[in-house]
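Heads up: the protein sequence lines correspond to chains F and Z, in order.
Note that my numbering has the first sequence beginning at 1, numbered continuously upward.
Note that my numbering has the second sequence beginning at 1001, numbered continuously upward.
Hints in this document: simulated from the structure, not taken from any laboratory.
Certain hints may be false.
What the hints assert, rightly or not - With a straight-line Cα cutoff of 30 Å, these simulated DSSO-like cross-link-like pairs (lysine-lysine) come out: (1) K337/F x K1337/Z; (2) K337/F x K1141/Z; (3) K1337/Z x K141/F; (4) K295/F x K141/F; (5) K136/F x K1337/Z.
2 protein chains.
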Amino acid sequence: MAGASSSPPLTRPSVEAAHEAIKEHIHCTPVVTSQTLNDLASRPQSPTALLGTVFEGQTPASPRIHLFFKCENCQRIGAFKSRGAFHALSRLTKEQLARGVVTHSSGNHAQALALAAQTQGVKAFIVMPTISTPSKIAATKGYGAEIIFSGSTSQEREAMVEDVIERTGALLIPPYDHPNIILGQGTMALELERQVLELIDGDPSLSVRRKDSTHTDGGPTSNGASNTRVGSSLAQRSGRLDAVIAPLGGGGMLAGIATALSGTGTKVFGAEPSFQGADDGRRGLAANQRVTTVKTSTIADGLRTPVGEINWTVISDKSKVHGVFAVTEEQILSAMKLVIERMKVFVEPSAVVGLAVCLYNEEFRKIVEEEGGEEGWDVGVVLSGGNTTLEAISRMFATEDKEAERAEGKIGEKGERIAENVAG
Amino acid sequence: MAGASSSPPLTRPSVEAAHEAIKEHIHCTPVVTSQTLNDLASRPQSPTALLGTVFEGQTPASPRIHLFFKCENCQRIGAFKSRGAFHALSRLTKEQLARGVVTHSSGNHAQALALAAQTQGVKAFIVMPTISTPSKIAATKGYGAEIIFSGSTSQEREAMVEDVIERTGALLIPPYDHPNIILGQGTMALELERQVLELIDGDPSLSVRRKDSTHTDGGPTSNGASNTRVGSSLAQRSGRLDAVIAPLGGGGMLAGIATALSGTGTKVFGAEPSFQGADDGRRGLAANQRVTTVKTSTIADGLRTPVGEINWTVISDKSKVHGVFAVTEEQILSAMKLVIERMKVFVEPSAVVGLAVCLYNEEFRKIVEEEGGEEGWDVGVVLSGGNTTLEAISRMFATEDKEAERAEGKIGEKGERIAENVAG
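Please work from the sequences and hints to get the whole structure.
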């Protein structure tokens, strides 16, 4: 990997340094909470929801979950990818920058790299398949990048990238498989930690652990310094998130968060779609071997890639990532509907897999029930991006049409038609 | 109108008192800004956009507009209506409350009244047409209201309300035509004013008038008190919004905002759909007479009602409301797409008519160009609610299907099919 040898180690201090380097260029995205979603997550699933799963016939888990949503859909370019792109560029020398940067992506990484390059006054070459949607091509061009079209196989795209590098000397900035990308994405965890503490300070009822009883040693008559001390000791004791769950595709974000939170006591989990084997991370952990190729058309289109090599070293480290769980296409759509309609926050399908795990993955819910006990868990959930369109939503949620087609036998297995609709 | 005689006068102090009365029950909803939307609003329309209008052939207006969005879609029950409902109840005596409240509505007012009644431990009877969508019935029931079904004509609904009043002694809380409702809705304007000042204080570039030059008399070395004074004199001089624009249906919100901002120097405007005569407010002002009946199936379903009687007394007062402008169904959909896809904020069609006027109504844009001059205008835009579903969105934005149908001649006049889709 280009430049990997000059990258800092994958540690929390490196993530802190990355945050210092990029914070003037990125948004500190909002953290929001929802009583409705807390209630839904803390209600046992119906026994019928468990039919056909290994949990069929068992009493549904009854975890208590309070959710804190990190809204990376409000990040620049509409997704967390800006963090990694700005950080990768911040690590380059002037000489390297002068040669420009290149990547192949038709998604959020393309726009993120184009924006970061434009901000630094650097040339960006983006290799995109000819069949990319016009809106994504236009958005990437809008940030001043030069688009180079290729065929749609990975061989064709990589050959075109090689060609650009040979011709221009541009440096490859990969979408996820690089320490600087991992460290950049991890910066969201530092913000999330601090924002959750502030939120709970302002309204203790947001946490599963109300702080009322601990206020005896520092009432409103104490001076400022004493209050501050109480505040910070509280923070360490009860303001810390019990868990953070993030979508897992190539693994830049999950490895970054796990690096940032390593040793803090907050457990880190990954979430994947299960459709057509998109849960390569989960399967890899089970087999103790990274899955290197995935072919899936899950609606969570940001999560169709296999976990990267460097990312895998973090994600397969049990002291850093505590588990990866998968959800179905229907569960993703259902979580997406809740976030958009109830919270009024517009997200893309890939963004909600973490919430879908909290709501519908019985294995995860049993862990929260057992480990959280009556008190429960405060869980940070990353909403990773919001780059979809109302037309794409139309294809996902035109249920009346779909139900009619299902009745006519045009839809076979569950989910198949959904992916087809989205790809179309 | 029940209880109208005991209502406070329609003045700013009455709105301030209303805010005191309800603020513990409502959310102070966020105010957000968007550079992308500012850029779009400040770019002249293309000459082709003016074809077929009275502005055809003229140079498109070139106003400078900075937008401040008041997100009432994040209000309790998902729309501003909670404000009026909580205020109306706060004005009732214990004896009146004990008899319960009643209204007829299948929309946001039903849920708002149900929530306010539940909060006060009061019985709410909601008369709804039998044909109401199940999700709305369920949501209203969810707040503990008793649903009473009626036929769908206004005569049938009103007869059923009379029946409930006779049977239970419940008090009618109308959706908009009442001073207490008007005063309640007006409270959002007080929050908006304060929030915009705070935002501009934190980042002067948000305003069309940067404050940089005025900082000379109170630098960072001044003491706190002096800084505060400078801050507040600045606020009066350059932090005040030039205009606020809000959707106009029955007129509770617009009359409330106009009441709150009367005499402040901020101009207040209304926005309506033009489809099938839904612009009854605009037409009434032109004819100097309130339009009392409207029959339209505009997608902005919250704005299908004529302006109420009491509301009209405020809205027709030129010192309070400075104009009402209308937009087409296509312009509403286009504004909705921008708010959802670019700002990631989920809104219902009625919510975006104010933004649509800023972007597409050439008459309004010429006013901003002339009155705002090179400096431009800071404009507050109310996003009134977010109660729609992804299925409804699917029907509005299934463009591929619609385009195909249009090619086949199945869609006649522009817009007609859209309304049909949504109603269906």
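A quick look at each hint next to the structure:
{"no.": "1", "hint": "K337/F x K1337/Z", "in the structure": "17 Å, holds"}
{"no.": "2", "hint": "K337/F x K1141/Z", "in the structure": "21 Å, holds"}
{"no.": "3", "hint": "K1337/Z x K141/F", "in the structure": "21 Å, holds"}
{"no.": "4", "hint": "K295/F x K141/F", "in the structure": "28 Å, holds"}
{"no.": "5", "hint": "K136/F x K1337/Z", "in the structure": "16 Å, holds"}
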